[in-house]
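Engineer: If you want the building blocks of each chain, they are given just below.
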Amino acid sequence: MSELGFTPNEMMTIAASRALKGDDVCFVGIGAPSAACNVARLTHAPEITLIYESGTIGTAPDVLPLSIGDGELCDTAITTVSVPEMFRYWLQGGRISIGFLGAAQLDKFGNINTTVIGDYAHPKTRLPGGGGAPEIATSSQEIYITMAQSKRGMVDKIDFYTSFGHGDGGDHRQRLGIDTKGPTLLITDLAIWKPDPATKEFTVVSLHPGVTREKVQETCGWTVKFADKLEETPEPTQLELQTLRDLKARTDAAHKGEAVSAKRGSKDG
Amino acid sequence: MSELGFTPNEMMTIAASRALKGDDVCFVGIGAPSAACNVARLTHAPEITLIYESGTIGTAPDVLPLSIGDGELCDTAITTVSVPEMFRYWLQGGRISIGFLGAAQLDKFGNINTTVIGDYAHPKTRLPGGGGAPEIATSSQEIYITMAQSKRGMVDKIDFYTSFGHGDGGDHRQRLGIDTKGPTLLITDLAIWKPDPATKEFTVVSLHPGVTREKVQETCGWTVKFADKLEETPEPTQLELQTLRDLKARTDAAHKGEAVSAKRGSKDG
Amino acid sequence: MTKFLPLSKAVADNLNNGDTVAFEGFTHLIPTAAAHEAIRQGFKDLTLVRMTPDLIYDQMIGMGMARKAIFSYAGNPGVGLLRRLRDAVENGFPHALEIEEHSHAAMANAYEAGAAGLPCAIFRGYRGAELARVNPNIKSVTCPFTGEVLAAVPSVRPDVTFIHAQKANKRGDVLVEGIIGIQKEAALAARRAVVTVEEVVDNFDDLHPNLTVLPNWSVTAISVVPGGAHPSYAHGYYIRDNASYLEWDEIAADRDRFREWMQKNVIEKTADDFSARVEHLRNVA
Amino acid sequence: MTKFLPLSKAVADNLNNGDTVAFEGFTHLIPTAAAHEAIRQGFKDLTLVRMTPDLIYDQMIGMGMARKAIFSYAGNPGVGLLRRLRDAVENGFPHALEIEEHSHAAMANAYEAGAAGLPCAIFRGYRGAELARVNPNIKSVTCPFTGEVLAAVPSVRPDVTFIHAQKANKRGDVLVEGIIGIQKEAALAARRAVVTVEEVVDNFDDLHPNLTVLPNWSVTAISVVPGGAHPSYAHGYYIRDNASYLEWDEIAADRDRFREWMQKNVIEKTADDFSARVEHLRNVA
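Just so you know, the protein sequences line up as chains F, Z, S and U, in that order.
The letter at position 95 of the first sequence is residue 95 when you use the UniProt record's numbering, and the numbering goes up by one with no holes.
The letter at position 244 of the second sequence is residue 244 when you use the UniProt record's numbering, and the numbering goes up by one with no holes.
The letter at position 3 of the third sequence is residue 3 when you use the UniProt record's numbering, and the numbering goes up by one with no holes.
The letter at position 241 of the fourth sequence is residue 241 when you use the UniProt record's numbering, and the numbering goes up by one with no holes.
What the hints contain is simulated information worked out from the structure, not anything from laboratory work.
A few of these clues could be false.
Stated by the list, open to error - Straight-line Cα separation of at most 20 Å, SDA-like style, residue types lysine to any residue; simulated pairs: (1) Lys139(S) / Ser140(U); (2) Lys139(S) / Thr142(U); (3) Lys151(Z) / Glu201(Z).
Throw the hints in and build the complete structure from the sequences for me.
Structural biologist: The following block contains the structure:
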């Protein structure tokens with residue numbers, strides 16, 4: 001932790017949580033998106049609807065799930081539907097306001113790669129693949145992306161277009177007949193980015209406390225654009241920070257508790 | 001009732017019930033098919049699976065439903081699914097062995113009209129239409145038809161092809177790419193009919209007790225073919241007759257009981 | 001986010017002359033009270049969509065509210081024909097009615113595709129069936145993998161769907177159970193969904209996780225109308241009033257008797273009158 | 001009509017070398033015991049279908065049983081990569097693996113279409129996504145009403161599907177509840193469906209009418225294997241063993257350690273060993 005009293009990762013999660021509103025219906029990816037969505041739910045947006053692709057609608061987990069299908073999600077959901085129904089009625093049906101995604105590789109137009117590093121047929125690294133993301137990216141009304149910055153992750157050219165963002169920028173989405181907004185927000189551990197209204201290139205609009213332009217550029221693989229009027233992200237409030245830390249502590253305890261007994265189990269088995 | 005101790009309608013229902021086996025999965029139409037299927041279930045085929053298009057799978061009603069969606073069907077079903085699932089997974093999915101249909105108009109190749117008498121655009125009589133029948137007729141592995149004979153109902157040329165049977169006969173189904181058997185049995189109040197193996201024309205194979213060839217011809221609008229070796233349908237057994245009559249009595253009592261109180265209700269309302 | 005409204009306001013806010021509207025219910029949970037409210041408010045020029053238009057569409061057509069009907073089985077289930085619909089189709093009384101007729105499989109798929117946000121549904125259907133000749137909205141697509149020709153119909157996307165359900169919780173989530181029919185699809189396929197319910201309960205905490213629940217943000221308005229499905233039924237609340245279906249056959253057979261019945265039982269009544277109609281059907285449910 | 005069989009016989013009777021097989025489960029109810037039995041019986045040349053091939057397909061691929069994998073997310077959920085699958089794709093170890101990769105939406109629709117007996121599924125998908133370039137089984141159809149171009153994929157029709165479920169009744173009807181995933185579709189899409197269950201109960205009389213039940217005549221064989229989903233979970237029986245998923249990441253990282261673990265924990269074990277593995281996870285479920 002820095003002298004600021006919070007980590008960059010905490011700032012990222014909390015900044016992301018602030019972007020969510022009580023009437024949002026979020027299709028939640030695992031990891032940072034899941035933490036952000038649940039912090040929003042536990043602070044300023046208690047009415048927010050969280051949906052995980054396992055079919056759980058309106059879920060309110062007490063601890064963060066390790067997978068998108070943990071039992072906790074079903075236990076606390078308003079209803080749990082089949083996976084085909086999830087993708088047909090709820091995602092494709094246009095009922096998701098925010099699709100919240102992470103990325104292995106991201107370019108400046110919000111295109112995402114989670115499929116391969118290297119050539120598809122002969123990959124250097126075979127990643128898990130798209131899962132729900134290709135259709136989340138085009139059927140959600142808008143897309144928020146959150147990831148920690150690195151030159152390996154934020155690249156000039158992604159190796160594979162798993163999920164379409166703004167393509168080559170400009171009106172590329174419209175030209176493909178995609179009528180949803182696409183990526184409208186990128187929240188990293190250093191800054192808040194929004195697409196330029198015309199070019200759709202992600203532009204830094206707010207630096208997190210203590211972060212410099214140089215730091216942002218050093219950890220990004222493309223030449224960073226900054227908004228003319230650059231803001232500073234408000235620090236996490238005590239409530240936000242405490243909520244996030246409590247959530248993480250509950251989650252760690254739950255997973256660790258299981259881990260201990262499970263090790264015993266797997267030695268038995 | 002005739003001197004035989006049973007009515008032609010009872011003979012029809014019981015003869016139809018005998019055609020059903022315990023491992024059949026029947027998509028049941030309302031009216032005579034419903035009575036026959038339930039008599040089969042209550043006599044020789046207790047394991048038979050009855051499905052009504054309202055989504056009730058494996059139902060075992062104590063009284064016959066007035067509609068295909070009476071509550072009794074759901075109360076006694078193994079499970080009740082949505083209507084899209086019924087038509088997609090269970091009917092179109094090829095899981096129905098017997099589709100059991102009635103008909104307003106029928107021709108000798110088992111084609112059925114329940115849509116209009118007269119011209120479609122300017123009908124003499126507008127009938128209810130096909131409902132589930134067009135796809136029941138082609139997606140069920142085979143089709144049984146049951147109806148009381150009349151010149152108005154069994155006609156040389158039906159006014160509208162609501163549900164396809166054997167078309168113009170012969171291999172017409174195969175020529176349309178339909179790989180199910182189509183109508184394999186017609187049970188009327190007078191006789192049992194089966195399609196000729198080659199021409200697919202319905203042919204009388206068994207006369208019900210006391211019925212003559214002339215009687216069958218008099219009540220049929222096409223020139224009737226009789227099998228070379230014409231059998232006599234075995235009379236209803238005491239068990240069959242009692243089961244059917246008990247079922248009808250329970251049904252009448254249930255519907256009448258409701259009718260009395262409901263008349264009062266509708267005067268109130 | 002849904003609103004709890006009196007039925008008269010829920011109907012007035014969400015139905016307009018010229019709308020494509022579905023009052024759905026597959027034998028069970030038919031939204032009769034909502035349909036009667038629409039009749040009282042005198043809407044015109046509606047396109048009525050329903051798999052099984054029964055008494056309520058017979059009534060709306062008989063009252064001259066419908067320009068067009070899209071359906072797959074226009075019967076009085078278990079009883080016979082719909083006589084007001086027949087009069088419109090056969091004799092143009094009270095005025096001509098355009099019809100778009102499908103099979104159940106087609107309509108079920110069309111609602112499903114509507115709920116799924118698709119422009120059309122494909123299925124294996126209408127093979128050898130003559131509806132494909134008389135309905136220009138039955139087309140085909142060829143499977144790009146096998147070459148099989150499948151039937152295609154446009155999805156159903158009503159301006160507004162009305163359904164009846166057992167209960168809402170205080171947040172406005174809605175539960176449908178028993179014969180669930182096409183309710184969920186009809187509600188999700190529509191731009192606006194209005195639900196009448198038997199009752200409002202505190203919460204759904206003790207419900208099984210996999211039941212058919214419409215979250216409050218997928219429902220436009222909810223009105224509490226006990227008995228609102230009569231003469232249809234609400235599983236767990238009251239049974240089907242089969243006698244009323246039988247009786248309707250006589251009422252609808254005569255134009256004058258029909259008008260008189262409508263005047264007395266619909267025009268001069270309100271949604272509050274439904275509760276009494278199911279009193280005698282409750283103890284047996 | 002279904003048969004109750006020991007798992008070894010259910011697998012031997014229903015799986016063959018060269019089959020297209022789905023061991024399905026969307027995080028919940030993964031049929032691990034059935035997969036381990038298939039590993040013990042040493043099948044070869046399988047085409048493995050699953051939305052989320054996780055540990056069990058990593059194991060089968062690592063043991064050289066798979067010719068091809070059809071999937072939409074090849075990760076260890078919440079943990080990371082599948083290292084045996086990676087080794088096969090990146091290095092051809094233990095032999096080359098053909099892959100057919102889709103999105104979840106595509107796979108879900110493909111199973112749904114398989115259950116519905118259709119040759120293909122259409123949906124609004126893959127727009128701007130590069131999978132459409134590298135997977136020849138992603139094609140398109142044009143809506144005959146709107147002209148919209150939709151994605152099309154072949155339906156999934158496995159020779160046999162294995163799923164795990166909570167319970168069967170004595171007649172052989174099967175209940176799936178909680179996160180139901182793609183279980184019903186995967187079972188109905190297959191020529192043969194084999195189900196492992198936690199337990200057999202007398203009847204389902206007190207079940208809610210709308211739950212996910214596979215009637216006995218839609219199931220080929222049932223085997224009772226308590227704990228058979230471990231390290232996945234069975235809603236109402238035991239919780240997910242997250243630690244085993246974390247541990248797998250280390251085991252699978254090394255070829256020798258993998259073989260050794262498989263020998264000890266799969267080859268030398270039987271289906272009866274699963275029950276003990278979930279003992280400590282039961283009281284918290």
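Engineer: For every hint, state whether the structure bears it out.
Structural biologist: Hint check results:
1. Lys139(S) / Ser140(U): holds, 17 Å
2. Lys139(S) / Thr142(U): holds, 12 Å
3. Lys151(Z) / Glu201(Z): holds, 17 Å
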